[in-house]
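The whole structure should be built from the sequences, with the hints applied where relevant.
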Amino acid sequence: ALNSEQNSTSANKKLPVVISNSIAKNKSHYISNIIELLCYVLPRSTRIKEVTLSNLNIRKDYMQKLITGLSKSKSLETINFIKVPIGDELMHSLMTTLDPNRIKSIKINYCGITSNSTNDIIQFIQKKQLNSLDGIQSFDVTKIEIPEKDQIMIQIKF
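In my numbering, the protein residues as written are -1 to 156.
Mixed in with the good hints there might be a few duds.
Claimed, not checked - With a straight-line Cα cutoff of 30 Å, these simulated DSBU-like cross-link-like pairs (lysine-lysine) come out:
1. K58 - K141
2. K58 - K147
3. K105 - K126
4. K125 - K102
5. K155 - K125
6. K155 - K70
7. K63 - K105
8. K147 - K126
9. K125 - K105
10. K70 - K47
11. K81 - K155
12. K125 - K147
13. K125 - K63
14. K102 - K58
15. K63 - K47
16. K47 - K102
17. K63 - K155
Claimed, not checked - Here are the in silico distance ranges between beta carbons for each label pair:
18. K12 - G133: 43 to 53 Å
19. E48 - Q121: 21 to 31 Å
20. K125 - K12: 45 to 55 Å
21. V15 - G133: 37 to 47 Å
22. R42 - P145: 34 to 44 Å
23. V15 - L131: 40 to 50 Å
24. S113 - N53: 17 to 27 Å
25. T44 - K81: 27 to 37 Å
26. T94 - S43: 19 to 29 Å
27. S30 - I154: 33 to 43 Å
28. L128 - E34: 29 to 39 Å
29. E34 - I154: 30 to 40 Å
30. T112 - S30: 22 to 32 Å
Simulated from the structure, these hints should not be mistaken for laboratory data. Just so it is clear, CB atoms sit at the ideal spot from N, CA and C, and this is done for glycine as well.
Okay, here's the thing in structure tokens:
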């Protein structure tokens, strides 16, 4: 009886087949390959409107490369980062590299930024040309990361 209990307990700890067979789990270069692909495709595409990256542990050097790739896109309008380790330093790079006259919407959720990024976000929004219908129209950041008073300061800039 003890053996069957141990077997069922260890069976419960196994990863689901979908995850254990996934490319992300089995290929160590998966994330770097995604970044390389995006950096190749984004500047060349006229159809990619949105990029969403979620739950990826992207190294700082690859994230910096991705930021450059995002900034070179001619068609990209929406960028969503969810649970991607950006932090304040990479957020500064993102805000100083992207063009607020081309990107319409940015969402940063659970990415490790703090209120130290508030000024970078505000300066980014303020770089948008006045009276332009194009460019940044929404900027969403998790309230856990940036307090409500800073959220209000950001939204006032629209």
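Right, here's what the structure says about each hint:
At roughly 24 Å between alpha-carbon atoms, K58 and K141 fall within 30 Å of each other, so this suggested pair holds. Proposed proximity of K58 and K147 is supported: the alpha carbons are some 29 Å apart, at most 30 Å. Distance restraint check for K105 and K126: the Cα-Cα separation of roughly 17 Å lies within the 30 Å cut-off, and the hinted pair is therefore satisfied. Simply put, K125 and K102 have alpha-carbon atoms about 13 Å apart, close enough for the 30 Å limit, and the pair holds.
Pair hint K155 plus K125 holds up; C-alpha atoms about 11 Å apart against a cutoff of 30 Å. About 25 Å separates the Cα atoms of K155 and K70, which keeps this hinted pair within 30 Å; it holds. Distance restraint check for K63 and K105: the Cα-Cα separation of roughly 19 Å lies within the 30 Å cut-off, and the hinted pair is therefore satisfied. For the hint linking K147 to K126, the alpha-carbon distance of about 22 Å falls within 30 Å, and the restraint holds.
Distance hint between K125 and K105 is fulfilled; the C-alpha atoms sit about 18 Å from each other, no more than 30 Å. Between the alpha carbons of K70 and K47 the distance comes to roughly 13 Å, so the proposed pair stays at or under 30 Å and holds. For the proposed pair K81 and K155, the alpha carbon gap of about 25 Å is at most 30 Å, so the pair holds. For a cut-off of 30 Å, the pair hint linking K125 to K147 stands: about 21 Å separates their Cα positions.
A distance of roughly 23 Å separates the Cα atoms of K125 and K63; the hinted pair therefore holds under the 30 Å criterion. Restraint check: the Cα-Cα separation between K102 and K58 comes to about 25 Å, which is no more than 30 Å; the hinted pair holds. The hinted pair formed by K63 and K47 meets the criterion: a straight-line CA distance of about 19 Å does not exceed 30 Å. A threshold of 30 Å between alpha carbons decides the hint, and for K47 with K102 the separation of about 10 Å falls inside it, so the pair holds.
Distance hint between K63 and K155 is fulfilled; the C-alpha atoms sit about 28 Å from each other, no more than 30 Å. Range check, K12 to G133: Cβ separation about 49 Å, and the 43 to 53 Å hint holds. For the hinted restraint 21 to 31 Å between E48 and Q121, the CB-CB distance of approximately 24 Å keeps it satisfied. At about 50 Å, the CB distance of K125 to K12 agrees with the hint of 45 to 55 Å.
Between V15 and G133 the beta carbons are some 45 Å apart, a value that agrees with the proposed interval 37 to 47 Å. Range check, R42 to P145: about 40 Å between beta-carbon atoms, so the 34 to 44 Å window is met. Taking 40 to 50 Å as the suggested C-beta distance range, the pair V15 and L131 conforms, at roughly 49 Å. At roughly 24 Å, the beta carbons of S113 and N53 sit within the given window of 17 to 27 Å.
For T44 and K81, the hinted distance range of 27 to 37 Å is satisfied, since their beta carbons lie about 29 Å from each other. Between T94 and S43 the beta carbons are some 23 Å apart, a value that agrees with the proposed interval 19 to 29 Å. A hinted range of 33 to 43 Å holds for the C-beta pair S30 and I154, which are about 39 Å apart. At about 38 Å, the CB distance of L128 to E34 agrees with the hint of 29 to 39 Å.
E34 and I154 have their C-beta atoms about 39 Å apart, which keeps the hinted 30 to 40 Å range intact. Taking the beta carbon of each, T112 and S30 are about 27 Å apart, inside 22 to 32 Å as hinted.
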